[in-house]
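Asker: Make the full structure from the sequences, and use the hints.
What follows is the residue order along each chain.
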Amino acid sequence: MQRKYVENFLRTLGKPLVKFIISLGELVLYIIKAVYHALTPPFYFKNFGKQVLDIGFYSLPVVGLTTIFAGMVIAMQSYSGFGGVGAESMVADVVLISVTRELAPVLSALMVAGRIGAAMAAEIGTMKVTEQLDALVTLSTNPFKYLFAPRLWAGLIVLPLLVLFGDVIGIFGGYVVGIYKLGFNPANYINATLEYLQPLDITTGIVKASVFGFLIALMGCYNGYRSKGGAQGVGQATTNAVVSASILILIFNYIITEILFSK
Amino acid sequence: MSDIKISIKNLHKAFGQKKVLNGVDLDIKKGESLVVIGGSGTGKSVLIKCIQGLLIPDSGSIKIDDAEVVSATSRHKKDFHAKMGMLFQGGALFDSLSVWENVAFSLLENKNMPREKAKMEAVRVLRQVGLAPDVADLSPSELSGGMQKRVGLARAIITKPEIIFFDEPTTGLDPIMADVINDLIIESAKGLGATTLTITHDMASARKIADRIAMLYQGKIIWQGSVKEMDKTENPYVVQFINGCAQGPIKVEV
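Heads up: the protein sequence lines correspond to chains A and B, in order. As numbered in the working numbering, residues 842 to 1104 make up the first sequence, in order. As numbered in the working numbering, residues 85 to 338 make up the second sequence, in order.
Within a straight-line C-alpha distance of at most 25 Å, the following computed SDA-like cross-link-like pairs (lysine to any residue) qualify:
1) B:93 - A:975
2) A:860 - B:101
3) A:1069 - B:96
4) A:891 - B:192
5) B:162 - A:984
6) B:162 - A:878
7) A:887 - B:199
8) B:167 - A:884
9) B:244 - B:129
10) B:161 - A:985
11) A:856 - B:101
12) A:887 - B:180
13) A:856 - A:868
14) A:891 - B:223
15) A:856 - B:100
16) B:162 - A:884
17) A:860 - B:142
18) A:1069 - B:138
19) A:874 - B:157
20) A:887 - B:159
21) B:114 - A:978
22) B:195 - A:878
23) A:986 - B:166
24) B:244 - A:978
25) A:891 - A:906
26) B:103 - A:1067
27) A:856 - B:102
28) A:891 - A:1076
29) A:887 - B:194
30) A:887 - B:222
31) B:195 - A:981
32) B:195 - A:888
33) A:986 - B:191
34) B:335 - B:313
35) B:161 - A:882
36) A:887 - B:179
37) B:161 - A:1067
38) B:161 - B:194
What the hints contain is simulated information worked out from the structure, not anything from laboratory work.
Answerer: In structure tokens:
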């Protein structure tokens, strides 16, 4: 009797575990396949260009708005924390480090995951359920090369550029609050910002952005590619793409920070 | 040289516990129009996807021009695909491309044909399937179901394939439009001298386009013959299916 209970318990535990391991295996195989096809010809430059526009150019307003307010808030918060003598240079430093190392890459990536990751999963998911992916194969075209590779490359290359833009806008947000709200001297604030600016601050953000861009495209394509059924399946794929990309962004943010800054 | 274009032997495919194809044996001669009939969920689409290499069968053999498809590498599968055209049930037109870009997809992406020349060729084939040149610049979503099927047909025949697959070509169309599509299928296939495999449960369509009909039931080909032979057969499964009777050996799961 007791043995039966144990068996049932293990069965209940085992089924989701086996399912999880199978899903993990599928994901790993998908990543290997996606990377292989992204590195081998033919390359579809027109599709890449379209993705650069979608991921990069059309995300500029969202990234700009997100980072400018992030920079402004950090300036206000750090002033209230460090108020008093030397606040001017401290605020400039905190805004610089927070924006370039963390806020611009992470917030931009999360916004792009919501905007682009969802759109990728929805587009590819719809193509899957309407047999457009099968049609591509019958037209001697590999969906991994035609659809996924341009998105992966665009994510990898464009998100760092977006983050550079976000860095400038975020620091500008801090400057605006510093000068017009907190009454700092503009020349001193700019000097302090330039004085504290380290190449590592910028490269950290760029490295993170590349990884995040790749993850967003990877999850968008993967979840779209795996979607089943009709509209409900595509909706589920879209949700999964955004949630999985967002979680991975936060996990990899910690891992990259740990690698670059642990002493 | 054998006159068999596609040869299928003992093909099996299961999804989990469900055996969809359970030992399919089928030969299609060069230039022949074979129609596979069968109820919904009998594995007709799975059969066509296995032949195209979109699904990998569990066991069995599929040969095209005596070359094995099942064990082919992806490069060889690409060679097979170059010989094939396919009209999908829902059209499967690419939403992000215009009508002419859909039709000329293979010319643009695989043959690197200049865009102007590819567009001219697409417009020519669109005319062939009865569509006016001004349709070329529309988006697929702006077309009716019948027009989408025509565009799908144009895309399937533009590369002059040796084999054309038709997946439920008349489903969702009114009887007149269905007949127009049937005529276009016959014209296109005969014009190219192509071997065609059509799957359908539309008997009017099957009668019109088939040189030979095969019936798929419970994962096996249970009968095959010409349209005349079909009308004379006493096979109870075929008789029930072509007459559309609820009573008979084929049990419908409700």
